[in-house]
Amino acid sequence: MEKTAGGPAVRVRGLRKTYGAHTAVDGVDLDVHTGEIFALLGPNGAGKTTTTEILEGQRRRDAGEVAVLGVDPAAADTAWRARIGIVLQESRDFAELTVREIVHHFALYYPAPRDPDEVVEAVGLAAEAGRRTAQLSGGQRRRLDVALGILGDPELLFLDEPTTGFDPEVRRRFWDLVASLRDGGTTILLTTHYLDEAEQLADRVGVLAGGRIVDVDTPDRLGGRHLAPATVRWTEHGAPREAVTDGPTALVGELAARLGGEVPDLSVYRPSLEDTYLQLIGETR
Amino acid sequence: MTTTPAVVRTPARTPRVRAIAAPSALRIGRARAVLEVRQFFRNKGAMFFTFSMPLVMFLLLASIFDETDKATGVSTQQVYVTGMLAMGVMSTCLQSLALQVGGERHNGTLKRLRATPMPPAAYFLGKIAMVVVTSLVQAAILLGLGAAFFGLELPADPGRWFTFVWVYLLGATACTLIGLVASNLVKGENGGPVVLLPVMVLQFISGVFVIFSQLPKGVQIVSAVFPLKWMCQGMRSVFLPDAYASVEPAGGWEHGRTAMVLAAWVVVGAIMCLKWFRWKGEDEG
Chain Y
553 MEKTAGGPAV RVRGLRKTYG AHTAVDGVDL DVHTGEIFAL LGPNGAGKTT TTEILEGQRR
613 RDAGEVAVLG VDPAAADTAW RARIGIVLQE SRDFAELTVR EIVHHFALYY PAPRDPDEVV
673 EAVGLAAEAG RRTAQLSGGQ RRRLDVALGI LGDPELLFLD EPTTGFDPEV RRRFWDLVAS
733 LRDGGTTILL TTHYLDEAEQ LADRVGVLAG GRIVDVDTPD RLGGRHLAPA TVRWTEHGAP
793 REAVTDGPTA LVGELAARLG GEVPDLSVYR PSLEDTYLQL IGETR
Chain D
172 MTTTPAVVRT PARTPRVRAI AAPSALRIGR ARAVLEVRQF FRNKGAMFFT FSMPLVMFLL
232 LASIFDETDK ATGVSTQQVY VTGMLAMGVM STCLQSLALQ VGGERHNGTL KRLRATPMPP
292 AAYFLGKIAM VVVTSLVQAA ILLGLGAAFF GLELPADPGR WFTFVWVYLL GATACTLIGL
352 VASNLVKGEN GGPVVLLPVM VLQFISGVFV IFSQLPKGVQ IVSAVFPLKW MCQGMRSVFL
412 PDAYASVEPA GGWEHGRTAM VLAAWVVVGA IMCLKWFRWK GEDEG
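Which chain is which? The protein sequence lines are Y and D, in order. Numbering-wise (the working numbering), the first sequence opens with residue 553 and increments by one. Numbering-wise (the working numbering), the second sequence opens with residue 172 and increments by one.
Source of the hints: derived by calculation from the structure; they are not laboratory data. We put the beta carbon where it would ideally sit given N, CA and C, even for glycine. Heads up, some of the hints might be wrong.
To be verified - Taking beta-carbon pairs under 10 Å as the criterion, some of the chain D residues facing chain Y (in silico):
no.	residue
1	Met289
2	Glu324
3	Asn361
Claimed, not checked - Computed beta-carbon distance windows for the label pairs:
no.	chain 1	residue 1	chain 2	residue 2	range
4	Y	Asp629	D	Arg201	39 to 47 Å
5	D	Val372	Y	Arg683	52 to 60 Å
6	D	Lys451	Y	Asp583	25 to 33 Å
7	D	Asn361	Y	Gly737	44 to 52 Å
8	Y	Ser824	D	Asn361	43 to 51 Å
9	Y	Ala686	D	Val336	33 to 41 Å
10	Y	Gly597	D	Ala311	14 to 22 Å
11	D	Gly216	Y	Arg683	18 to 26 Å
12	Y	Ala679	D	His426	34 to 42 Å
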């Protein structure tokens, strides 16, 4: 398959965007590798949406270098648009049309689309194919958005806060769908402010705060999380005990020997992604 | 939430050559035309309003003002039918279109379309097809009603129908282009008045609600700058006896000037459209 072999799907250097006196994006460097799910995390106002919209070719930048699939999105043509897929943040369009009609219609825009009915099936909307979009629930509507995003068989898919307002079961199913897209070869750039979503889906996570990237790593190594000391808690002589240590395994072994077998109320705790994230974005505030 | 199969399958990206020719703007434009017309006829409320409004107006005016011009033998009812024809074209092509496109900019339709490889021209082709279909159906209803109950004589002379065609085409084109630009003024869901108010003023000063020859001279001169006056006059020249031409401000039908003013508005509208039509809302730089 023709792809930017070995090169990143997205390459950003020194990206900048200001709105009047407010600097929304302040020198972002970013690489998204081909074939990975990259999650962009950050609090509201951190510059996530501005950054992704610049990458999608929906917004102009003030400075910096951007290459998406090897092309500058600011100068992108329809051939480039056929290679990317965008799932927008919220949509209420095409209320009068049915799921099947919309998906078949949008398929006409692309030079080599996926089979529309298969895509409807893939997002779990086969049973709703004949319904008008106005009658869909929030979660179903979102899956229709995803269907339209993947219809052109994109090399790169932008997912902007895709599961906002989902119930837990639908969310779980949606994650399976996104993971299966990655397994099918699609690169995915996901923006979210749900940490469990990033932890579940992302191969790598970038944290954006105050218009800058403060860290990029795999979810379990972000912010040096894997190196952070562990907190070991247990109960001894009826009193709760706690120790912070770099060697929890040794401590647990020692406890087991001392207390003779099962250590009461034992837990070993490392900072969660959420702890790490809050610490990372706290540093820039 | 309806339950859907828990197993999510996705069609694998099929290996293929990317050099497949993109679908042409014309083909996509045709598909959009079908989609637009279908959407229009499915939105029962809007459809009912579009087709009934000129009829209701006409029935009101025809029952309130019922006199016959002694010199020419033309009844006010006959004059009002022609006024409603012109007003119908403007309300469909300009007013409804501006509100609709403004709504589509607001609800994410335009943004989604810009995220696909759809050529912009295809969107405009679809809109034009929709206003042509709806305004012609509207005209047919009015003419049928006028001929059946209000003494309107459908001309037998092909020359008059030729006049109808060019007045309609130039008027509809000018109004459509102005409507597309005017959609920029429609902000959010309550942006209607910005478009409705000027259109209403035009209707009063252009001889839709008040017989044009009875308007003060100053008002007649002001309205001559705008297309609606010429569309009304053009329609009168098609459906009223030539004797009525003596009542017109210039004492004749002024076909040459009508064509020139309308064509000028087509040019101005096209330039404004190319320069100012926006795919995005104002806050999205």
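- Message: Tell me the hint numbers this structure goes against, listed in increasing order.
- Response: 2, 3, 4, 5, 10 and 12
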